[in-house]
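Heads up: the sequence lines are chains C and V, in that order. Taking my numbering, the leading residue of the first sequence gets 6, the next gets one more, and so forth. Taking my numbering, the leading residue of the second sequence gets 361, the next gets one more, and so forth.
Incorrect hints may have been included.
[Stated by the list, open to error] Derived lysine to aspartate or glutamate pairs resembling EDC-like cross-links, with alpha carbons at most 20 Å apart:
#1 C:Lys86 / V:Glu376
#2 C:Lys86 / C:Glu58
#3 C:Lys67 / C:Asp31
#4 C:Lys73 / C:Asp47
#5 C:Lys41 / V:Glu376
#6 C:Lys56 / C:Glu35
[As the list claims (entries may be wrong)] Simulated restraints on C-beta separations:
#7 V:Pro446 / C:Gln96: 30 to 36 Å
#8 V:Arg415 / C:Arg72: 43 to 49 Å
#9 C:Ser46 / V:Arg380: 19 to 25 Å
#10 C:Gln96 / V:Ile520: 48 to 54 Å
[Unchecked claim] Beyond 12 Å from chain V on every Cβ pair, some chain C residues (computed):
#11 Ser46
#12 Asn49
#13 Val52
#14 Arg55
#15 Glu58
#16 Asp59
#17 Gly61
#18 Arg72
#19 Thr81
#20 Pro82
#21 Gln83
#22 Lys86
By construction, these hints were calculated from the structure, which means they are not laboratory data. As the structure is a prediction and not an experimental result, all values here were calculated from the model. Backbone N, C-alpha and C fix where the C-beta goes; we use that ideal spot for every residue, glycine too.
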Amino acid sequence: MPVFDPIIHQAVRLQIMAALTALPEDAQIEFVTLRKRLSLSDGNLSVHLRKLEDAGYVRVEKAFVGRKPRTYVAATPQGRKAFDEHVQALQAIIQRPSDSDPQD
Amino acid sequence: MDITQQEAQSSLETIEAIQRQTRRALAHGGGPFFMIIWGAVWLVGYLASYFLNDRAAGTVWMVADAAGIAASFLTGWWMSRQVRMPGHDARIAIFWLLWLVYAALIVWLTESYANPDLTGVLIAVFAMFGYVVMGLWLWRPLIWVGIGVTILALAIYLLIPDYADLAMAILGGGALIGSGVYIYRNWR
Chain C
6 MPVFDPIIHQ AVRLQIMAAL TALPEDAQIE FVTLRKRLSL SDGNLSVHLR KLEDAGYVRV
66 EKAFVGRKPR TYVAATPQGR KAFDEHVQAL QAIIQRPSDS DPQD
Chain V
361 MDITQQEAQS SLETIEAIQR QTRRALAHGG GPFFMIIWGA VWLVGYLASY FLNDRAAGTV
421 WMVADAAGIA ASFLTGWWMS RQVRMPGHDA RIAIFWLLWL VYAALIVWLT ESYANPDLTG
481 VLIAVFAMFG YVVMGLWLWR PLIWVGIGVT ILALAIYLLI PDYADLAMAI LGGGALIGSG
541 VYIYRNWR
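Next comes chain V alone, as it looks inside the complex (with noise of 0.2 Å):
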């Protein structure tokens, strides 16, 4: 078969295009989509803890977590629905439930003993935790992301603990946010 190099820099700029657009829509689970749900919810939930009374911010919480649960589910359903991982689905799905029911428990436990902005660096970790656990299990640069926004966490409670809950809206959720953001346009 004769093969012009226009022909082959043709095919080839082909295949990058098309790689491309399906990693961008399909690939690694839809990692980018999740994180920019559960920025979401951060951002709403801390700027709530941060202006609002506990009981108020208490019900905010409830809300944009039900909400960050039900646009994850139907993210995590109408990407299965495209591309299946047969040795993946089950056990993500099993992890993600089993981490809410340990975050939950960790929630229960420290409410009478530590103080709310406590609770919230511990959930903020325990949730950078499930990054790492999805960065090894689809796609690596879920871990960088976890990592990142566990030293963020920390660097916050530790130097701003009065601006704990704000800089965690605007910083722990903004980069949730700002990283899904940039992975999905940048996705090669």
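Chain C with its partners taken away, still in its complex shape (with noise of 0.2 Å):
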């Protein structure tokens, strides 16, 4: 059964994640061009991707390329896995007969 995901659902969460998920397995997007991609703030993103860190979804490691210190971000197999079921979560919320019986 696909499991709802509150952590994921959060709507700038959620966009981080299918972000994150579009890329390949092993490759990591930069802190800056996620922020402009997504059109958030520096602290706005920082705050989520903490949240999204702590849950073990994603992995940011930070790098210097030529003297200029960089961020990375890259979602792990974990937040992989939770995403694809929340995806399926939502995919079968639609597909319910009626939308009078929210889901918890």
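Dock the two chains into a complex; use the hints.
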């Protein structure tokens, strides 16, 4: 049975996980690129990344490119699995016979 | 948590839109951009081979190849700044450097013995071998583009050798540019 995930369902975190899971499994997106793609502020993205990182859904790594520090973000296998299950849970809600019995 | 069907539908639509935009912009190492760049190089180079004398065409090819390498380097650098793939980045760069060395060896070895058309087809086929390898490593559709253009190049060389350069410019270069643009626009 697919699991609805309240951590992922929050609007910003849903966007973050959607973007991260669109990339190949071993790919890491640069923080500023992710921020621009999702039209978020530094602080907003950082806060939500921390929640996802605490849940084990994303991995944040710092690296130097030349002399400049850069932060890279990737979905973990656990995060990809949780996201897939969350999408399945959303699809299951849509396929329900009626909307009169919301899911708990 | 109570979720209505409308909210679920809206969330799924958001996910689909973001994933499509992300793949289009960032994923798969910018495959379509490289296809468009090298399709343009083929178009210019093979048109020069068809319409100009060997010396002038050779110069055009050198300039076009240098521009293609520079554009590819910039595109690769730009892509790797936004999305890095630690397991792939160095391996891909080394592969294409080695590819250039082997391509130069093919040209050097064949220019004395083979006709220029054969050398052109060899390089085209060898380039498509590179696409197939990238397809195996990075992104499956590149395999089919590589195999398709290889078959096209061989058919042109065997069936219409007198117009091989013109056909390679329009069909080979056109196929790469067209595939790149099509994949970019329809990426999901």
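State the violated hints by number, sorted upward, taking the hints as numbered earlier in the document.
none
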